[in-house]
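Here are the chains, one letter per residue:
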Amino acid sequence: MKTVFAKSVPGRTGVLPPSPEQSVSDMLPADLLRRKRPALPELSELDVVRHYSLLSHRNFSVDTNFYPLGSCTMKYNPKFCETASALPGFAHTHPLLPQIEGGEPFAAGCLKAVWECERLLREVTGMHAFTMQPMAGAQGELTGILLIAAYHRAKGNKKTKVICPDSAHGTNPATAALAGYEVVNIASQNGMIDPDALAAVLDDSVAALMMTCPNTLGLFEAHLPLIVEKLRAADALLYYDGANFNAIMGRMRTGDAGFDVVHLNLHKTMGTPHGGGGPGAGPVGVAERLAPFLPGPRVVKNSDGSFGLNHDLPHSIGKIAPFYGNFAIVIRALAYMLRLGGNGLARATSYAVLNANYMRARLRDHLEIPYDRACMHEFVASASALDTYGVHALDLAKALLDKGFHAPTIYFPLIVKECLMFEPTETESKETLDAFCDELIAIVERAKKNPREILDAPLTLPVRRLDETRAARNMVLTEA
Amino acid sequence: MSVKEGLLYTPTHEWVRVEDAEAVIGISFFAQEQLGDLTFVDLPAAGAILSPGKEMGSVESVKAASDIYSPVAGEVIAVNGSLENNPEKVNISPYDEGWMVRVRLSARPAELLDAAAYEAYVLATPH
Numbered sequence: 004m005k006t007v008f009a010k011s012v013p014g015r016t017g018v019l020p021p022s023p024e025q026s027v028s029d030m031l032p033a034d035l036l037r038r039k040r041p042a043l044p045e046l047s048e049l050d051v052v053r054h055y056s057l058l059s060h061r062n063f064s065v066d067t068n069f070y071p072l073g074s075c076t077m078k079y080n081p082k083f084c085e086t087a088s089a090l091p092g093f094a095h096t097h098p099l100l101p102q103i104e105g106g107e108p109f110a111a112g113c114l115k116a117v118w119e120c121e122r123l124l125r126e127v128t129g130m131h132a133f134t135m136q137p138m139a140g141a142q143g144e145l146t147g148i149l150l151i152a153a154y155h156r157a158k159g160n161k162k163t164k165v166i167c168p169d170s171a172h173g174t175n176p177a178t179a180a181l182a183g184y185e186v187v188n189i190a191s192q193n194g195m196i197d198p199d200a201l202a203a204v205l206d207d208s209v210a211a212l213m214m215t216c217p218n219t220l221g222l223f224e225a226h227l228p229l230i231v232e233k234l235r236a237a238d239a240l241l242y243y244d245g246a247n248f249n250a251i252m253g254r255m256r257t258g259d260a261g262f263d264v265v266h267l268n269l270h271k272t273m274g275t276p277h278g279g280g281g282p283g284a285g286p287v288g289v290a291e292r293l294a295p296f297l298p299g300p301r302v303v304k305n306s307d308g309s310f311g312l313n314h315d316l317p318h319s320i321g322k323i324a325p326f327y328g329n330f331a332i333v334i335r336a337l338a339y340m341l342r343l344g345g346n347g348l349a350r351a352t353s354y355a356v357l358n359a360n361y362m363r364a365r366l367r368d369h370l371e372i373p374y375d376r377a378c379m380h381e382f383v384a385s386a387s388a389l390d391t392y393g394v395h396a397l398d399l400a401k402a403l404l405d406k407g408f409h410a411p412t413i414y415f416p417l418i419v420k421e422c423l424m425f426e427p428t429e430t431e432s433k434e435t436l437d438a439f440c441d442e443l444i445a446i447v448e449r450a451k452k453n454p455r456e457i458l459d460a461p462l463t464l465p466v467r468r469l470d471e472t473r474a475a476r477n478m479v480l481t482e483a
Numbered sequence: 018m019s020v021k022e023g024l025l026y027t028p029t030h031e032w033v034r035v036e037d038a039e040a041v042i043g044i045s046f047f048a049q050e051q052l053g054d055l056t057f058v059d060l061p062a063a064g065a066i067l068s069p070g071k072e073m074g075s076v077e078s079v080k081a082a083s084d085i086y087s088p089v090a091g092e093v094i095a096v097n098g099s100l101e102n103n104p105e106k107v108n109i110s111p112y113d114e115g116w117m118v119r120v121r122l123s124a125r126p127a128e129l130l131d132a133a134a135y136e137a138y139v140l141a142t143p144h
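First to last, the sequence lines map onto chains A and B.
Under my numbering, the first sequence has 334 at position 331, and the numbering climbs by one with no breaks.
Under my numbering, the second sequence has 50 at position 33, and the numbering climbs by one with no breaks.
Watch out, some of these pointers could steer you wrong.
Stated by the list, open to error - Subject to a maximum C-alpha distance of 16 angstroms in a straight line, what follows is the list of computed EDC-like cross-link-like pairs (lysine to aspartate or glutamate): (1) B:71 / A:371; (2) A:406 / A:371; (3) B:80 / A:470; (4) A:233 / A:197; (5) A:452 / A:390; (6) B:21 / B:54; (7) B:21 / B:92; (8) A:10 / A:34; (9) A:451 / A:371; (10) A:420 / B:50; (11) B:80 / A:471; (12) A:420 / A:442.
Claimed, not checked - Partial pick of chain A residues on the chain B-facing surface, computed with a CB cut under 7 angstroms: (13) 93; (14) 417; (15) 471; (16) 472; (17) 475; (18) 476.
None of these hints come from the bench; they were simulated from the model.
For every residue, glycine included, the Cβ atom is placed at its ideal position computed from N, Cα and C.
From just these sequences and the hints, can you work out the full model?
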């Protein structure tokens with residue numbers, strides 16, 4: 004399929020925008036005017052409509068196919084969340100409105116929605132306060148670690164290290180390093196954080212431990228209370244990576260469990276479709292002693308019941324993102340929580356965990372399950388046994404594409420060889436899970452009898468195997 | 018499984034060839050095999066001081082990124098700059114053309130595995 008640039012025909016136009024009343028050169032200073040025309044594609048309206056409609060048909064999404072991409076929570080998002088966020092009062096309000104003098108009452112509904120979403124997230128997580136600003140999980144992580152740094156600075160603590168278990172998400176060490184901390188890795192023991200390994204590296208120089216719970220093996224960190232106790236003794240804080248929040252939502256509160264900082268991926272857990280690179284929302288919740296450092300402005304409810312913005316935050320780490328984060332995602336999360344209610348959130352979590360365990364039990368006789376015990380919302384299998392046939396995790400993933408299923412996450416976490424990580428989510432039916440397991444089992448059997456068939460997959464997609472190595476070694480990021 | 022005789026190895030899968038007061042460092046056949054096709058090699062600059070067990074660079078493949086730990090103490094006196102544009106040399110020839118740095122040793126290498134011990138170590142590692 005040609006790109007929209009390759010389809011361009013000189014002189015062809017679509018809709019003609021109205022001409023400005025005066026000449027552009029009268030309105031803009033000469034040094035800001037373009038010297039040559041921008042290199043935009045020239046197409047008719049129909050050309051453009053067809054181009055993007057055809058592109059959308061090639062899109063693979065959870066609206067069309069099962070998408071068990073581990074640790075990504077590619078669940079179906081109810082359409083009413085879209086309706087709520089598109090309400091004109093939300094969609095058409097200018098974000099500056101509540102920041103101009105006297106503007107707050109005109110944006111009262113929007114401010115109330117942010118405040119309510121914060122309140123419900125506090126209730127769901129047991130954290131003391133939230134900021135809705137971060138626009139993605141990684142930005143939430145950075146916000147969280149900057150809050151931890153601010154806390155230690157205010158106390159006069161000299162902290163230089165952040166501990167990241169080898170079962171944590173890959174962004175955790177990257178976040179700690181970006182914030183200027185030395186990253187200390189600790190090895191898991193039997194799929195869990197090893198309290199002895201933690202004790203061996205824990206001292207006064209440790210600022211925090213970043214935990215993914217359940218971890219990337221889909222296992223709940225059984226030593227959590229002991230870890231909290233050890234960290235408290237060293238005045239080190241405990242960070243909760245919310246990427247796997249879909250395993251505990253409505254069933255366990257991070258604040259009650261002793262976490263000091265938590266980020267949530269609203270675009271995974273609460274009502275926003277994702278996978279196309281955004282938009283996301285990574286709000287961060289904190290324990291009371293970290294609340295003064297949150298980014299501002301913060302939405303407040305005044306004593307007369309009105310809503311406003313508080314800019315007077317002398318200890319704040321400052322802005323992390325413009326305005327109030329990705330506001331439309333906040334609205335979707337609010338709609339999601341209100342529609343499901345507390346019991347609904349807990350039920351969704353139960354089904355997410357049940358579905359993962361069902362798949363694990365169906366696949367255990369066909370693929371090695373290195374940690375074959377009750378899992379949370381996801382689990383990890385290994386394709387190592389197919390090594391002798393020359394078939395690897397990557398090949399199984401490609402063969403699934405031919406069957407209309409998105410591949411699971413592969414080669415992550417790094418602690419399991421030939422890793423395949425499955426996360427079915429709560430929104431899938433038993434029929435879908437069975438269809439997927441049947442196909443995967445058949446692929447494994449074919450790999451043993453006729454490996455070539457699997458190595459040649461995919462055969463039915465617009466593209467065959469992409470040369471990932473060449474793509475990474477020789478990147479071409481622009482239209483030639 | 019290919020382990021080259023005459024080299025010393027680390028449990029983190031680096032190799033060292035000691036040549037009098039100097040040493041050449043790379044990563045083992047097993048390491049490159051586990052990583053898959055390398056896409057990026059990040060090495061220390063000449064003049065960098067290395068300490069045993071400390072991070073000296075990293076390698077990246079389509080599957081994963083992994084740190085390289087120095088097996089020895091010393092100063093980097095030469096770097097295999099060709100790996101910047103041709104990281105596949107590490108896959109094709111991990112013990113020769115895929116060498117990474119040459120170091121002037123400040124201490125005799127200690128606590129490294131010989132070829133037989135490294136081979137036994139790799140065989141015992143679940144993979």
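Evaluated hints:
Restraint check for residue 71 (chain B) and residue 371 (chain A): the C-alpha separation of about 35 angstroms exceeds 16 angstroms, so the hint is violated. Using a Cα cut-off of 16 angstroms, the hinted pair residue 406 (chain A) and residue 371 (chain A) is violated, with the two alpha carbons roughly 22 angstroms apart. For a cut-off of 16 angstroms, the pair hint linking residue 80 (chain B) to residue 470 (chain A) stands: about 13 angstroms separates their Cα positions. Pair hint residue 233 (chain A) plus residue 197 (chain A) holds up; C-alpha atoms about 12 angstroms apart against a cutoff of 16 angstroms.
Distance check on the hinted pair: residue 452 (chain A) and residue 390 (chain A) sit about 13 angstroms apart at the alpha-carbon level, within 16 angstroms; holds. Taking the CA atoms of residue 21 (chain B) and residue 54 (chain B), the gap is about 20 angstroms. The hint is violated against a cut of 16 angstroms. The suggested pairing of residue 21 (chain B) with residue 92 (chain B) is violated, with an alpha-carbon distance near 25 angstroms, which exceeds 16 angstroms. Using a Cα cut-off of 16 angstroms, the hinted pair residue 10 (chain A) and residue 34 (chain A) is violated, with the two alpha carbons roughly 32 angstroms apart.
Taking the CA atoms of residue 451 (chain A) and residue 371 (chain A), the gap is near 15 angstroms; set against the 16 angstroms cutoff, the hint holds. For the hint linking residue 420 (chain A) to residue 50 (chain B), the alpha-carbon distance of about 12 angstroms falls within 16 angstroms, and the restraint holds. Restraint check for residue 80 (chain B) and residue 471 (chain A): satisfied, since their Cα atoms lie roughly 10 angstroms apart, inside the 16 angstroms limit. This hinted pair does not check out: residue 420 (chain A) and residue 442 (chain A) have alpha carbons roughly 22 angstroms apart, beyond 16 angstroms.
For residue 93 (chain A), the interface hint is violated, since its Cβ never comes within 7 angstroms of a Cβ in chain B; the closest pair sits about 41 angstroms apart. Hint on residue 417 (chain A) holds. Least Cβ distance to chain B is approximately 6 angstroms, under the 7 angstroms limit. Here the hint on residue 471 (chain A) is kept, as its CB sits about 4 angstroms from the closest CB of chain B, short of 7 angstroms. Below 7 angstroms, beta-carbon pairs count as interface contacts, and residue 472 (chain A) has one with chain B at about 4 angstroms; its hint therefore holds.
Taking 7 angstroms as the C-beta cut-off, the interface hint given for residue 475 (chain A) holds, the closest approach to chain B being about 4 angstroms. For residue 476 (chain A), the suggested interface contact is upheld, since its CB lies about 5 angstroms from the closest CB of chain B, less than 7 angstroms.
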